[in-house]
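Chemist: From first to last, the protein sequence lines stand for chains A and B.
With our numbering applied, the first sequence covers 1 to 113.
With our numbering applied, the second sequence covers 1001 to 1114.
Source of the hints: derived by calculation from the structure; they are not laboratory data.
Watch out, some of these pointers could steer you wrong.
What the hints assert, rightly or not - When the alpha-carbon atoms are kept at most 16 Å apart in a straight line, the in silico EDC-like pairs for lysine to aspartate or glutamate are as follows:
id, chain 1, residue 1, chain 2, residue 2
1, B, Lys1106, A, Asp38
2, B, Lys1070, B, Asp1007
3, B, Lys1101, A, Glu59
4, B, Lys1101, A, Asp56
Claimed, not checked - Label pairs and their computed distance ranges (CB to CB):
id, chain 1, residue 1, chain 2, residue 2, range
5, B, Gly1016, A, Asn28, 38 to 44 Å
6, A, Thr17, B, Arg1060, 42 to 48 Å
7, B, Arg1050, A, Gly63, 34 to 40 Å
8, B, Glu1053, A, Asp56, 25 to 31 Å
The beta carbon of each residue, even a glycine, is placed where N, CA and C say it ideally should be.
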Amino acid sequence: DAGITQSPRHKVTETGTPVTLRCHQTENHRYMYWYRQDPGHGLRLIHYSYGVKDTDKGEVSDGYSVSRSKTEDFLLTLESATSSQTSVYFCAISGTHYNSPLHFGNGTRLTVT
Amino acid sequence: SQQGEEDPQALSIQEGENATMNCSYKTSINNLQWYRQNSGRGLVHLILIRSNEREKHSGRLRVTLDTSKKSSSLLITASRAADTASYFCATELNSGGSNYKLTFGKGTLLTVNP
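Chain A extracted, bound-state conformation (with noise of 0.2 Å):
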């Protein structure tokens, strides 16, 4: 899983209440991705980081904030969790932006109440 490990693996919580999801790497990759998966919609980008406090918006982020402070961490925030943001949420990681493949870790299942 090139070294990527996200947690929690699950969760369970309820609606307004604050998520945070965290991304671990070990490949001292630059690039790290938070994309979430739903039925119907395939992967969709939520934000994206190219560097320690470098990120940027994906197409997705409303309701959500992203932060880098380490190379190895990047951490998806849901403010106040809304039932729209149940999903299953992947991190990915590449060396570069472009011709590059992704890894991705095995995802968190959020569920919002």
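Position chain B against the provided structure of chain A, taking the given hints into account.
Modeler: The following block gives chain B in isolation, referenced to the frame of chain A:
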């Protein structure tokens, strides 16, 4: 609308048969990638084919790219039950300057029956 769309959405074959999945896209791309996802796991990269390439092989996998038709195909030869998974194409395009965007399709669910 999706940049990349796989076809068919689902495919069921017998072990030993070949499986072909197709991907169509709308705009010019930098490269096209294929990924596999086993149930409950993350995506695993299979092959990356650049826009100036027409065909690539990796073991039992063969990928073709036709930029004039904006389409790609993934062929798995001599399929095995272990090939049962969802397969996704992803298209990378330059979204301006040094920004690149990788967009995934919704996937093809391949079932290989023993």
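Chemist: What are the numbers of the hints the structure violates, in ascending order?
Modeler: none
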